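Enquirer: The chain contents come next:
There are 2 protein chains.
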Amino acid sequence: MATVTNGRLLFNEVPEGYPVPGKTTVYDESSKIDLENVALHGGFLVKVLVLSIDPYLRGRMRHAEISTYIAPFTVGEPLANFGVGVVIRSESPAVKSGDHLYGIYPFVQYTVQNNAQAFRVIDNKLNLPLSAYIGVCGMPGETAYYAWKEYASPNDIADRLSTQGDVVFVSTAAGPVGATVVQLAKADGLKVIASAGSDDKVAFATSIGADVAFNYKTVSTRKILEKEGPSTCTYWDNVGGETLEAAIEYAGKGARFIECGMISAYNTKTPYGVANLINIIAQEIHIYGSVVSSLRNKYVEEFYSQFVPRVASGDIKYKEHLVRGLENAGEAILDVQSGKNFGKCVVVVAEE
Amino acid sequence: MATVTNGRLLFNEVPEGYPVPGKTTVYDESSKIDLENVALHGGFLVKVLVLSIDPYLRGRMRHAEISTYIAPFTVGEPLANFGVGVVIRSESPAVKSGDHLYGIYPFVQYTVQNNAQAFRVIDNKLNLPLSAYIGVCGMPGETAYYAWKEYASPNDIADRLSTQGDVVFVSTAAGPVGATVVQLAKADGLKVIASAGSDDKVAFATSIGADVAFNYKTVSTRKILEKEGPSTCTYWDNVGGETLEAAIEYAGKGARFIECGMISAYNTKTPYGVANLINIIAQEIHIYGSVVSSLRNKYVEEFYSQFVPRVASGDIKYKEHLVRGLENAGEAILDVQSGKNFGKCVVVVAEE
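Keeping their order, the protein sequence lines are chains A and B.
The working numbering numbers the first residue of the first sequence as 1230 and each following residue consecutively.
The working numbering numbers the first residue of the second sequence as 1230 and each following residue consecutively.
I should point out that these hints are in silico values taken from the structure, not numbers from a laboratory.
Hints are supplied without guarantee of correctness; some may be wrong.
The list cannot tell twin chains apart, which means a pair is met if one copy fits it or any two copies do.
As the list claims (entries may be wrong) - Think about it this way: if two alpha-carbon atoms lie no more than 25 Å apart in a straight line, the pair counts; the simulated BS3-like pairs of lysine-lysine are: (1) K1527 - K1482; (2) K1498 - K1482; (3) K1378 - K1482; (4) K1498 - K1452.
This structure is a prediction, so every number in the text was calculated from the model and none was measured.
Let the sequences and hints guide you as you build the complete structure.
Expert: Printed below as a string of structure tokens:
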């Protein structure tokens, strides 16, 4: 194979609103790589197989002077996110040729990496598709599992202030985080109200156990909550804005809100102002902003030893949206921001 | 004394915005009471001495069909709130003539009560003015003490996610809740930024230990926070709205917000919409809606045995705004809503 083109998806320009494929990101084929001879300097050469497209990536497509919990992408450089690749050559004692590594990769076809500790070897005795390891068995699944364990465990709920209901409201219930939360909540014996953005997604939410699922684009969230969960004990927020406001309106006494994402605010300079926050006091709501990386140390081994086998056994279900070719990753990013994808969005960069 | 006028402050009409003395409340002298012969039916006759005027009362001045954590006042009936009275006659074995009782009273000069358990006998061996027992040693002090203990204890802060700062931001820092929080935070070794609504109040906040105190009406809250507390670890919210938005903007990683009041939203039908809630996630903020009554059982004995003596010794300072005469309570209610009072507002209904 010798020298080949090393396709890359470059961050080209900070989007004003939604990212624009070909403008805010560009696919570039100007880089070449000699797979047999490229210097490894003690590291290892990886062929990238699958890359994850997640809502949070929009937050990294920003101007460098704005600081937040995660670094911005650098204009002119490849984007980066969780993926799985296979090692082609290695000079590292920790990694061998043929290993499948889960970790954060640049959006390229081939990459030389040198920090083996930043990757997790996927032995895959459970025989899951590699794509699962960047979805329900990767960061999105971890996001759901860790925060659910930390902030919404039923024991905790029983300790809460008063006559708690048993109703959980989950937004973006067909996405990889929301769908996992729906199933964790059902496994804990709770009634689940699920919102999603299309009738197909609603049907999927129902199929994985949601008691009440609705299309928030065609049905009033407030009306659903008023009828089905006027005293919600837990709200899992992936969207923010008006949905959050509705959830606050119908929160029960001592409700807990897990703030995981606010996609309604990612692509606008004028996010919706939530005006009923006084209900946080009236209902003694506790709101937990959560970032997966902060809980990883506490739960990661439990996640792989206890949760991932439930996925392999079919106990936990998931849905994927596969996009083939790194050249289509820019469009996939836009689709995830606009909700056009259905299921966990995975870019298949290469077959093995 | 026999039969005397029993003055009452009646709830007359639900306010549209701010309460209007003489319209939303009226002082009424049509009721008489025979102090020597009024039937007690096993209860006790109390002469009301002091009544507390608190911001939360506005929330009870609402239409009965709106339900929230506390019952609305009934139109045509007296308002009610915490107060201290002296027992004139008693048929109850739990209460004797001359006892001073802390509890919730109707806004009247004399009242027959029958549930001794709803009141606390103030033995006052510490020789505090009775007014203190409805302020720093009453519900407002309890509000500050309980929630500070529950949600902001320094041990907890040390457990938090990352490199916490040690900066606490307290709004309405000259009020009875805020001023107590300022002093609890200082006693815990934290740097305190305090906001208040007049230069006098700012001077008081400084006098009780605030490291940085400012008049939010003349100085930008955001500029102060940017300079003095760009990574605030704790925000004590009594106001909501734009101040809350500013606190969210400058919250440090893992900050905790204690939501105690939102006076900016009490007297308007269009509360300010907070648009930067996404920072709850980015900074992993934890927000605790808190109502004093839910924490009372856990902390009340500690409060009276440990905190009240600190008030009596002068260790904890407080400021009172005394209004003489129940006929002036309507104006006092408005003053507390508009911030015109300076210090804990107490209506002195009668001298003993």
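Enquirer: Cα distance capped at 25 Å. Does K1498 pair with K1452 within a copy, between copies, both, or neither?
Expert: between (28 Å within a copy, 21 Å between copies)
Enquirer: From the Cα coordinates, with 25 Å as the cut-off, is the pair K1498 and K1482 best called within, between, both, or neither?
Expert: between (33 Å within a copy, 23 Å between copies)
Enquirer: Between copies, within a copy, both or neither: which fits K1527 and K1482 at Cα up to 25 Å?
Expert: Only across copies: K1527 and K1482 sit 18 Å apart there, 29 Å inside one copy, limit 25 Å.
Enquirer: Can you tell me if K1378 and K1482 fall within 25 Å by alpha carbon in one copy, between copies, both or neither?
Expert: both (20 Å within a copy, 21 Å between copies)
No hint from the list above goes unmet by this structure.
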